[in-house]
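Novice: In case you want the letters, here they are:
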Amino acid sequence: MTFKQKFLGSAAALALSAGAALAEPALIFDLGGKFDKSFNEAAFNGATRWAEETGNNFREIELQSEAQREQALRRFAEAGNNPIVMAGFAFADALGQVAADYPDTRFTIIDMVVDAPNVRSVVFNEHEGSYLVGMMAAKASESGTVGFIGGMDIPLIRKFACGYAQGVKAVNPDATVVANMTGTTPAAWNDPVKGSELTKAQISQGADVVYAAAGGTGVGVLQTAADENILSIGVDSNQNYLHPGKVLTSMMKRVDNAVHQAFTDGAEMETGFQVMGLANGGVGYAMDEHNEALVSEDMKSAVDDAASKISSGEITVHDYMSDDSCPVLSF
Amino acid sequence: MELLSLFDLAVLDSTIRLATPLLLACLAGLFSERAGIFDIGLEGKMLAAAFFSAAVAAVTQSVWLGLAAGIAAAMALSAVHGLASITFKGNQLISGVAINFLAAGMTVLIAQDWFQQGGRTPSLIGGGRFPPITLPFVDAVRGIPFIGPIYAELISGHSILVYVAVLAVPGTWWILFRTRFGLRLRAVGENPAAVDTAGVSVVGLRFAAVAICGVLCGIAGAYLATALQAGFVKDMTAGRGFIALAALIFAKWRPWQALWATLLFGYLQAIALRPDIIERALGFTVQVQLLDAMPYILTVVILAGFVGKAIPPRAGGEPYVKER
Numbered sequence: 001m002t003f004k005q006k007f008l009g010s011a012a013a014l015a016l017s018a019g020a021a022l023a024e025p026a027l028i029f030d031l032g033g034k035f036d037k038s039f040n041e042a043a044f045n046g047a048t049r050w051a052e053e054t055g056n057n058f059r060e061i062e063l064q065s066e067a068q069r070e071q072a073l074r075r076f077a078e079a080g081n082n083p084i085v086m087a088g089f090a091f092a093d094a095l096g097q098v099a100a101d102y103p104d105t106r107f108t109i110i111d112m113v114v115d116a117p118n119v120r121s122v123v124f125n126e127h128e129g130s131y132l133v134g135m136m137a138a139k140a141s142e143s144g145t146v147g148f149i150g151g152m153d154i155p156l157i158r159k160f161a162c163g164y165a166q167g168v169k170a171v172n173p174d175a176t177v178v179a180n181m182t183g184t185t186p187a188a189w190n191d192p193v194k195g196s197e198l199t200k201a202q203i204s205q206g207a208d209v210v211y212a213a214a215g216g217t218g219v220g221v222l223q224t225a226a227d228e229n230i231l232s233i234g235v236d237s238n239q240n241y242l243h244p245g246k247v248l249t250s251m252m253k254r255v256d257n258a259v260h261q262a263f264t265d266g267a268e269m270e271t272g273f274q275v276m277g278l279a280n281g282g283v284g285y286a287m288d289e290h291n292e293a294l295v296s297e298d299m300k301s302a303v304d305d306a307a308s309k310i311s312s313g314e315i316t317v318h319d320y321m322s323d324d325s326c327p328v329l330s331f
Numbered sequence: 001m002e003l004l005s006l007f008d009l010a011v012l013d014s015t016i017r018l019a020t021p022l023l024l025a026c027l028a029g030l031f032s033e034r035a036g037i038f039d040i041g042l043e044g045k046m047l048a049a050a051f052f053s054a055a056v057a058a059v060t061q062s063v064w065l066g067l068a069a070g071i072a073a074a075m076a077l078s079a080v081h082g083l084a085s086i087t088f089k090g091n092q093l094i095s096g097v098a099i100n101f102l103a104a105g106m107t108v109l110i111a112q113d114w115f116q117q118g119g120r121t122p123s124l125i126g127g128g129r130f131p132p133i134t135l136p137f138v139d140a141v142r143g144i145p146f147i148g149p150i151y152a153e154l155i156s157g158h159s160i161l162v163y164v165a166v167l168a169v170p171g172t173w174w175i176l177f178r179t180r181f182g183l184r185l186r187a188v189g190e191n192p193a194a195v196d197t198a199g200v201s202v203v204g205l206r207f208a209a210v211a212i213c214g215v216l217c218g219i220a221g222a223y224l225a226t227a228l229q230a231g232f233v234k235d236m237t238a239g240r241g242f243i244a245l246a247a248l249i250f251a252k253w254r255p256w257q258a259l260w261a262t263l264l265f266g267y268l269q270a271i272a273l274r275p276d277i278i279e280r281a282l283g284f285t286v287q288v289q290l291l292d293a294m295p296y297i298l299t300v301v302i303l304a305g306f307v308g309k310a311i312p313p314r315a316g317g318e319p320y321v322k323e324r
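Going down the list, the sequences are from chains G and W.
Counting in the working numbering, the first sequence runs from 1 upward without gaps.
Counting in the working numbering, the second sequence runs from 1 upward without gaps.
Since the hints were derived computationally from the structure, they do not count as laboratory data.
Please read these numbers as outputs of a predicted model, since none were measured by experiment.
We put the beta carbon where it would ideally sit given N, CA and C, even for glycine.
Be careful, since some hints might not be right.
Covered by chain W, according to a simulated footprint, are these stretches of chain G (three or more residues, beta-carbon under 8 Å) [to be verified]:
| no. | region |
| --- | --- |
| 1 | 79-90 |
| 2 | 178-186 |
| 3 | 214-220 |
| 4 | 258-269 |
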């Protein structure tokens, strides 16, 4: 074998292995960052689970600024990564621009709908999960007043609030729901100090269970709730362990399952609209050793009963985003 | 109409907590700007201090070591600012912006490398946090009408850093207006050439001013991370350094006015958390966004000259050049 042949051979081998690597799926995190203990971390956990099960690798990037959205999408698409999963409603515009340019690449967007032939849009019925934790909040509350603290004031977060309020009212029609949003800019996702003050403000209004759907701001909410000896409810991932015995439950949004499913389906996945609700395990509430003592049998059976009724369609929970209004809560 | 409910004790209590970091940062900016060094890097210094105080407190379980680390971190950034704008005569605004960016990126990067919790520090427990302090005679005076609840609920029960911040106001006034150092410090912000002619080091005075600025920013950051919160979260200062700057202009670069300005801004933030009280007191709802924007609106009103005049130190923003 001459040197030239050897060289060509190894180059070909290299090209082959590079080709194999190119089919790796990719995951793009939103600005909250990979380890936000919440939404993005759930996406990361789903991808990691897939990697451990299959022994394959995936590529990932954490965005640092708005401007990188389209850039990151194009870079992964150009590199041949397939499918490309992005966690976050804010990718909709960028994906709308990019999807048509790469017809052979499959994209999955979570929390938003993008209408393109090669895009799978995964949305969650957060209002259903929030309804369940709202029921638990109402049952756990002694004062009859419960709180909701949202992050940035966007329709998606109002959907959480509205589902929660409906759950509360289903158990106790006379209950008061105090709802506050942290702010109207993305800074509202990372202002734990304001989250704390909002919690204290709600406590002074009588709230004794507070549900936080606020990203990093929620860390302050859960902390203050634990300091002031009231109960809190976490969101997206299971946050019960953050303050054992003080977090009533967490509204689980199984972003990890959505990512895992997309990666498992691979480059040939079905596109279109996918709804993750109570019926298919997309949302739910978290039970573990940290909140066992807080959740009574009565509470659990009532919630499980409601869950099966929602799955079967016997109870419908109003979705704020369907008509931009909420029958039981005004913003 | 229950206008008095606007001054609910819980709201005023929240005002004090929210005003404290603003007050400390505002006094920090006051020292620096009175000496002729504009500092828009207050935000970055607070953020760095918040991170290092939380990180060291988490590792050592000692909040006092955390406070020291926070002050050291803010002073290090102050030194960078001083080096760029005093020694090398660079543009003070650009140096300040650079410090903000540096702190925003650096804190998350170091936190991720150190703790692997996504740019956070572990939650502080026990000795890692500043506990609230109960002042003496609280139980004795609680029963007295009006004064009793104010003393017991409003004045007592804050962390020690709140009392430090309040005491820093007369302290700043005394240093700036009653000591030789303060006179020189103010002079160096108005007319550095005169100070230089008198044989006093302009560079030395300005470095002293930015060092004091670093100490105060350090306390402000430590207050956020180890007293109000139990740990660091990325970008947790959330623009408080800029509101402090607005308060500084609003206060016309004076310490007592800085106290009132930051209390006012703190009150606006606190009342924005209670839309129910506003509605009850005024009979209509006020947009939360409007309340959030008020500090900036008020500052623009002051700057436009409607309510007195805000005149910054005359030599502010200009590096001192001895001879050309």
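Novice: Compare the structure with each hint and give your call.
Specialist: Each hint, compared with the structure:
no.: 1; hint: 79-90; verdict: violated (count 0)
no.: 2; hint: 178-186; verdict: holds (count 5)
no.: 3; hint: 214-220; verdict: holds (count 3)
no.: 4; hint: 258-269; verdict: violated (count 0)
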